[in-house]
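Protein chains: 2
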Amino acid sequence: MNELIREPITARWIIVPMDKTVEVSDLITEQVPKTKGNCPFCYGGEVLTPPEISAYRKSGGPNTPNWSVRVVPNKFPALRIEGELERQGVGVFDLMNGVGAHEVIVDTPDHFRDMADLTYAECEEVIWAYRARSLDLKKDKRFKYILIFKNYGRSAGASLEHPHSQLIALPIVPKRVHEEMEGAAKYYDYKERCVFCDMVREELEEKERIIYNDDRFLAFCPYVSRFAYEIWILPKKHASDFANIDRDSVASFARALRDSLAKLKGLLKDPSYNFIIHTSPINGHEREDYHWHVEIMPKLSKVAGFEWGSGFYVNPVLPDVAAKNLSGVVIPEK
Amino acid sequence: MNELIREPITARWIIVPMDKTVEVSDLITEQVPKTKGNCPFCYGGEVLTPPEISAYRKSGGPNTPNWSVRVVPNKFPALRIEGELERQGVGVFDLMNGVGAHEVIVDTPDHFRDMADLTYAECEEVIWAYRARSLDLKKDKRFKYILIFKNYGRSAGASLEHPHSQLIALPIVPKRVHEEMEGAAKYYDYKERCVFCDMVREELEEKERIIYNDDRFLAFCPYVSRFAYEIWILPKKHASDFANIDRDSVASFARALRDSLAKLKGLLKDPSYNFIIHTSPINGHEREDYHWHVEIMPKLSKVAGFEWGSGFYVNPVLPDVAAKNLSGVVIPEK
Chain B
2 MNELIREPIT
12 ARWIIVPMDK
22 TVEVSDLITE
32 QVPKTKGNCP
42 FCYGGEVLTP
52 PEISAYRKSG
62 GPNTPNWSVR
72 VVPNKFPALR
82 IEGELERQGV
92 GVFDLMNGVG
102 AHEVIVDTPD
112 HFRDMADLTY
122 AECEEVIWAY
132 RARSLDLKKD
142 KRFKYILIFK
152 NYGRSAGASL
162 EHPHSQLIAL
172 PIVPKRVHEE
182 MEGAAKYYDY
192 KERCVFCDMV
202 REELEEKERI
212 IYNDDRFLAF
222 CPYVSRFAYE
232 IWILPKKHAS
242 DFANIDRDSV
252 ASFARALRDS
262 LAKLKGLLKD
272 PSYNFIIHTS
282 PINGHEREDY
292 HWHVEIMPKL
302 SKVAGFEWGS
312 GFYVNPVLPD
322 VAAKNLSGVV
332 IPEK
Chain H
2 MNELIREPIT
12 ARWIIVPMDK
22 TVEVSDLITE
32 QVPKTKGNCP
42 FCYGGEVLTP
52 PEISAYRKSG
62 GPNTPNWSVR
72 VVPNKFPALR
82 IEGELERQGV
92 GVFDLMNGVG
102 AHEVIVDTPD
112 HFRDMADLTY
122 AECEEVIWAY
132 RARSLDLKKD
142 KRFKYILIFK
152 NYGRSAGASL
162 EHPHSQLIAL
172 PIVPKRVHEE
182 MEGAAKYYDY
192 KERCVFCDMV
202 REELEEKERI
212 IYNDDRFLAF
222 CPYVSRFAYE
232 IWILPKKHAS
242 DFANIDRDSV
252 ASFARALRDS
262 LAKLKGLLKD
272 PSYNFIIHTS
282 PINGHEREDY
292 HWHVEIMPKL
302 SKVAGFEWGS
312 GFYVNPVLPD
322 VAAKNLSGVV
332 IPEK
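These protein sequence lines map, in sequence, to chains B and H.
Here the first sequence stands for residues 2 to 335, where the numbers follow our numbering.
Here the second sequence stands for residues 2 to 335, where the numbers follow our numbering.
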């Protein structure tokens, strides 16, 4: 028998099987083998990208090799940084010019090592780059939201195979974020507690779905996972804005993120995935009713007509089973 | 330069390029060739499905061959028809047992002819089956919404290749439908007109994006297409509930749907797609503020982190260009 579970933040319903589960071996889909070629994100490819925005490098000038993390404008941006924001009505529609920023964070110079393979120190650097770019773009008054995400593998929409993340600064708060903020605010109004803090507390009490747990960060397969092997990572101490993350938390977050990805890679043989940093809109103050976090969504099946038509998600793997299987994966500490 | 367009019903923003467009040849993705095997939806496979719910057949009894359209319960249903609806709270979550109906409409006995290849008369029969099953399930007081959709091709999540559609009767009105109803109701409150009727009027005036047009139905690439080559089909006369469709409208709707799919197939070399019938929840009366319609979503690219994280969609093909290309496709009238 299937059970329907309602997620309290966005009011999504998830359908999960209570009596059967899909085996790991049935979820594994082959990753296209990587081939290096003439990669713009490898050492020597610096001339193939637009001039860099920033980079961590020990020696040498901008747009030369020997960097460890490099940030460049997206060559085919969804939005462009130039111009003033203009909005107008056309019939029943609203039009706006495409002002925004679209940046690529190259996670590592090594074409063949994904975030799952990085050392903790290397992963920390990527997170410092996320933070630095967020703080810089927050100063631009045209922007209302900063979205940081990663597409890994073809099924997740990655068009370049060299490990990279993306950042998009948006001139409006997007609909998906609005919904999440509203849902969290409603919960807070009613309970006077943050819904994400409550989720952290419940997961720590139940101990059934935990992937990573230290003083500062918790990673778990949420009770309302939309996707098989979905993982959420949250700071344990309430914080609404990722960009305000402090030094100790960066170290802890890097371990939680890298270990979660390494366990997914180990168990499911290098699956495609998206991860998204969910953070509060740009407005200068910490919010009591919202809690920044990361959602990792492995792409193990296709989103089909039922999901599109309803907003329901059918998850064929109980999150308790997913967490148990992931916990069994031995990964190197490094 | 890209332009952002806001869709007035669900407040989604679509990013479209105003100065460049992706060529048809760059969008074509190969369909896995069909192989018949031991198909439960071909003649002779009737014993491999659960006993049929209904079928159109000229001779012979239930669960024998010689049918033209056949409706069976889904062998692996997301929801089950048995039992009373029970709802309970668990921590911050709501739980509900999986009561509902999940049916498969086998469009044709011919394994190798998709809906795009059917004659108009054959397509009409499929639509009569949609209608008959909707009317029957609407009598069940446990159900609040009936979702009819099709997944075609692997990228669209189809697991069986024999042409089929699906119907799911749900014990709650799903979130995605709620949003659309609310958006349409807000527009109606403000303008005292149906937003879909306004869209039909604008498309008919502009004449730039029309794929099919007769006395009763209009098919067009909407001005706010989320996906490349997206097509919407609407009845021209206001109607909120698909299940109330009359005889003449079934004939017209069948032509609009079959011709739209045939043009997509001809232009894009058999792309994967989902289509969904958007109709009003079960409540017994026609609504002034909602308008049933079909949304056809070709699966030509992956939904990636940006779309997941924002609810924005990046559509690389201007709908005017899509409609022009589709209009040029010659398809047989039959």
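Simulated from the structure, these hints should not be mistaken for lab results.
Every residue gets a Cβ at the ideal spot worked out from N, C-alpha and C, and that includes glycine.
Among the clues, some could well be false.
[As the list claims (entries may be wrong)] Straight-line C-alpha distance at most 27 Å; calculated DSSO-like pairs for lysine-lysine:
#, chain 1, residue 1, chain 2, residue 2
1, H, 21, B, 187
2, B, 35, H, 208
3, H, 187, H, 35
4, H, 21, H, 37
5, B, 303, H, 187
6, H, 176, B, 187
7, B, 145, H, 35
8, B, 145, H, 37
9, H, 303, B, 76
10, B, 192, H, 176
11, B, 266, B, 335
12, B, 76, H, 37
13, B, 238, B, 270
14, H, 176, B, 176
15, B, 37, H, 303
16, H, 187, B, 176
[As the list claims (entries may be wrong)] Estimated spans, in silico, between C-beta atoms of each pair:
#, chain 1, residue 1, chain 2, residue 2, range
17, B, 286, H, 211, 44 to 52 Å
18, H, 187, B, 85, 40 to 48 Å
19, H, 23, B, 57, 44 to 52 Å
20, H, 4, B, 120, 38 to 46 Å
21, H, 285, B, 267, 40 to 48 Å
22, H, 87, B, 26, 50 to 58 Å
23, B, 57, H, 211, 38 to 46 Å
24, B, 86, H, 203, 38 to 46 Å
25, H, 45, B, 208, 51 to 59 Å
26, H, 179, B, 65, 50 to 58 Å
27, H, 26, B, 86, 43 to 51 Å
28, B, 31, H, 285, 38 to 46 Å
29, B, 85, H, 27, 27 to 35 Å
Now for the hints, and whether the structure bears them out:
Between residue 21 of chain H and residue 187 of chain B the alpha-carbon distance is near 43 Å, which puts this suggested pair outside the 27 Å criterion. Distance hint between residue 35 of chain B and residue 208 of chain H is unfulfilled; the C-alpha atoms sit about 46 Å from each other, more than 27 Å. For the hint pairing residue 187 of chain H with residue 35 of chain H, the CA-to-CA distance comes to about 46 Å; that exceeds 27 Å, so the pair is violated. A threshold of 27 Å between alpha carbons decides the hint, and for residue 21 of chain H with residue 37 of chain H the separation of about 41 Å lies outside it, so the pair is violated.
At roughly 33 Å between alpha-carbon atoms, residue 303 of chain B and residue 187 of chain H are farther apart than 27 Å, so this suggested pair is violated. For the proposed pair residue 176 of chain H and residue 187 of chain B, the alpha carbon gap of about 16 Å is at most 27 Å, so the pair holds. This hinted pair does not check out: residue 145 of chain B and residue 35 of chain H have alpha carbons roughly 48 Å apart, beyond 27 Å. For the given pair, residue 145 of chain B sits about 53 Å from residue 37 of chain H by alpha-carbon distance, which is inconsistent with the 27 Å threshold.
At roughly 19 Å between alpha-carbon atoms, residue 303 of chain H and residue 76 of chain B fall within 27 Å of each other, so this suggested pair holds. For a cut-off of 27 Å, the pair hint linking residue 192 of chain B to residue 176 of chain H stands: about 23 Å separates their Cα positions. A hinted pair counts as satisfied when its Cα atoms are at most 27 Å apart, and residue 266 of chain B with residue 335 of chain B qualifies at roughly 16 Å. For the suggested pair residue 76 of chain B and residue 37 of chain H, the alpha carbons sit about 44 Å apart, so the restraint of at most 27 Å is broken.
Between residue 238 of chain B and residue 270 of chain B the CA atoms are separated by roughly 33 Å; this puts the pair beyond 27 Å, and the hint is violated. Between the alpha carbons of residue 176 of chain H and residue 176 of chain B the distance comes to roughly 14 Å, so the proposed pair stays at or under 27 Å and holds. Straight-line distance between C-alpha atoms of residue 37 of chain B and residue 303 of chain H comes to about 22 Å, which keeps the hinted pair within the 27 Å bound. Annotation: proposed proximity of residue 187 of chain H to residue 176 of chain B holds, straight-line Cα distance about 16 Å (limit 27 Å).
Separation of residue 286 of chain B from residue 211 of chain H is about 49 Å and conforms to the stated range, judged on CB atoms against 44 to 52 Å. Distance hint for residue 187 of chain H and residue 85 of chain B: a CB-CB separation of about 29 Å, inconsistent with the stated range 40 to 48 Å. A hinted range of 44 to 52 Å is violated for the C-beta pair residue 23 of chain H and residue 57 of chain B, which are about 35 Å apart. Separated by about 43 Å at the C-beta atoms, residue 4 of chain H and residue 120 of chain B satisfy the suggested range of 38 to 46 Å.
For residue 285 of chain H paired with residue 267 of chain B, a C-beta distance near 54 Å fails the hint of 40 to 48 Å. A hinted range of 50 to 58 Å for the beta carbons of residue 87 of chain H and residue 26 of chain B is inconsistent with their spacing of about 34 Å. Between residue 57 of chain B and residue 211 of chain H the beta carbon distance is about 54 Å. The supplied range of 38 to 46 Å is therefore violated. Taking 38 to 46 Å as the suggested C-beta distance range, the pair residue 86 of chain B and residue 203 of chain H does not conform, at roughly 25 Å.
Here the CB-CB span from residue 45 of chain H to residue 208 of chain B is close to 52 Å, well matched to the stated 51 to 59 Å. For residue 179 of chain H and residue 65 of chain B, the Cβ-Cβ distance of about 54 Å falls inside the hinted range of 50 to 58 Å, so the restraint holds. At about 35 Å, the CB distance of residue 26 of chain H to residue 86 of chain B disagrees with the hint of 43 to 51 Å. Range check, residue 31 of chain B to residue 285 of chain H: about 50 Å between beta-carbon atoms, so the 38 to 46 Å window is missed.
The hinted range of 27 to 35 Å is satisfied by residue 85 of chain B and residue 27 of chain H, whose Cβ atoms lie roughly 33 Å apart.
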